[in-house]
Amino acid sequence: MQSRAIYIYQERVINLIIKLSGYSSILFVTLILLFLAREGLPALSKAEISSLFGTRWYPIEGLYGIWPLLGGTLIVTIGAMLISLPLGIGTAIYISEVAPPWVNNLLKPLIEVLAGLPSVVLGFLGIQVLAPFLRPFLNLPTGLTAFTGSVLLAMISIPTIVSIAEDAFNTVPPSYRQAALALGATRWQTIWGITLPAARSGVLTALMLGVGRAIGETMAVMMVTGNAPVLPQGLNALFMPVRTMTATIASEMGEVATGSPHYHVLFFIGVVLFVLSLGVNIAASSVSMKTRKRSERVLS
Amino acid sequence: MESRRFSRPLIPPPVQQTLGFWLMRIISLVTVLPIVAVILYIIVRGLPAIHWEFLVGYPREGMRAGGILPAIVGTFYLTLGTAVVAVPLGVSAGVYMAEYAPDNRWTRLIRIAIINLAGIPSVVYGLFGLGLFVLFLGFGTSILASSLTLGIMTLPVIISTTEEALRAVPYSFRVVSISLGATRWETIWRIVLPQSLPGILTGVILGLERAAGETAPILFTGVAFFLPRLPTSPLDATMALPYHIFVISTQVPGMPVQIQYGTVLVLLAFVLTMNLIATLIRQRARARRQW
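Chains as they are written, first to last, in the working numbering: chain R, 1 to 300; chain Z, 1 to 291.
You can trust all of the hints, since none of them are fake.
Examples of chain R residues toward chain Z, derived with CB under 10 Å:
#	residue
1	22
2	28
3	30
4	36
5	89
6	91
7	97
8	119
9	187
10	249
11	276
12	281
Derived from the structure by calculation, the hints contain no laboratory data.
If you're wondering where the values come from, they're calculated on a predicted model, not measured in any experiment.
All C-beta atoms in this analysis are idealised placements derived from N, C-alpha and C, irrespective of residue type, glycine included.
Taking the hints into account, I'd like the entire structure generated from these sequences.
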């Protein structure tokens with residue numbers, strides 16, 4: 001009888017551990033927010049507010065304007081989406097609607113390999129191959145520009161976009177397609193007229209999570225965008241050197257003294273990034289919470 | 001609009017379809033060809049650098065010669081540390097989400113938390129690790145601090161894939177087990193977990209694969225620019241392959257290109273091997289599944 005009691009006790013302990021693990025995600029998000037705020041919010045008092053929201057980033061003189069960095073992130077991300085959205089959605093359509101199974105058995109693992117490629121590897125090839133290739137091609141003084149970063153970011157965000165968009169197409173009920181085909185539409189008309197519109201919320205989610213992925217990417221962007229924290233102006237800014245928020249944190253955090261205004265400002269940029277990614281992800285998940293498979297979304 | 005819809009289209013629909021399908025084929029090709037090109041190019045350029053001394057030797061002459069053993073070992077330790085942190089916690093959290101969690105507000109909150117953990121930029125994890133583990137808890141820049149940071153970053157992948165794998169096990173398996181007198185935990189431990197093991201493993205490996213290739217989270221939490229010896233305790237800093245690639249491709253002037261490509265190839269091999277193992281496990285499980 002006693003062993004049975006121990007048994008029940010054991011089971012209770014295990015259940016408790018599992019429950020605590022379940023709740024740990026909330027704990028970690030809270031901890032992350034707490035420690036970012038703890039180190040980041042002092043920036044508002046230690047650095048002058050006017051400088052913080054100014055247009056120049058020049059830490060040596062105490063100028064911590066985050067607009068140039070925000071602009072850098074924005075322009076690199078827009079460039080990346082212009083490339084990766086058509087490619088990603090097109091590939092997703094091909095995989096889910098057009099391709100025969102044997103092609104998919106090749107395509108899908110390749111996309112997964114891309115998802116696992118370390119961004120530092122892409123950054124390295126960006127420096128070694130892409131930038132020297134783009135410089136004479138676009139007739140630029142340097143190959144290390146926002147556009148180079150956009151190309152790499154497009155590659156990095158494509159797996160996310162493909163897997164979520166493909167999921168969205170797969171959840172469109174087959175009866176929709178059958179009805180269209182029965183009315184005499186071609187397969188292509190069905191894709192354009194029925195499947196794509198029916199999956200549009202999923203496509204929108206794919207776009208948003210692709211943006212989220214692009215905003216947060218650090219190493220590849222830092223290595224190829226030329227490290228110039230200047231406010232991008234006009235359309236040709238895409239072909240000028242820039243610097244993103246993530247790259248600024250990564251390249252300057254190693255050299256600042258703990259507790260200095262510069263240190264706190266870098267954490268403050270981290271808070272901005274956290275809030276941005278929070279916004280993007282909550283928006284994306286509220287667009288279509290119901291139909292998508294979660295692991296797919298997280299994995300890529 | 002109306003008149004256009006009913007008039008004869010400029011291009012006949014069958015031709016439209018042929019053109020459209022070819023467009024999709026070309027787009028897919030444009031998407032995947034760079035991936036194949038990147039991998040082949042790195043193999044071709046990196047292979048000449050790979051020899052025994054390169055893999056088991058220490059860097060010499062300001063990293064411009066010698067081997068990369070400390071970086072290889074460092075990445076191995078960091079991946080192992082990440083697994084120790086993330087696998088038990090992530091798998092039990094996944095079990096909670098699939099088997100225990102009631103459908104209420106708290107569970108929805110956990111889901112939002114998981115989604116957010118997955119979306120936080122890796123460099124922000126680095127800041128968090130610096131603030132909490134390195135400074136506040138006083139671990140210093142160490143393998144421990146880096147592993148904890150990478151572990152929390154990997155958590156959402158493992159939780160989601162575990163939950164997914166558990167949910168794929170048919171409900172009837174649980175019903176039968178419970179009806180035979182097994183408790184909830186016995187059912188999970190003896191029936192559900194073994195059945196979903198391949199799915200969990202795949203997720204775990206893919207999560208660790210990503211952690212192994214990350215640079216930003218370890219940048220301020222545990223990685224050393226140059227360290228000509230192997231770490232001896234979890235509180236030591238370490239070299240790591242991704243950061244080493246960053247260093248030798250941007251910070252060291254006059255770096256021999258061959259060593260750069262060689263180092264990239266070693267990291268690529270590390271990551272692709274994990275990817276391959278995950279793919280094989282999944283395929284085998286799919287072929288063997290009887291339900």
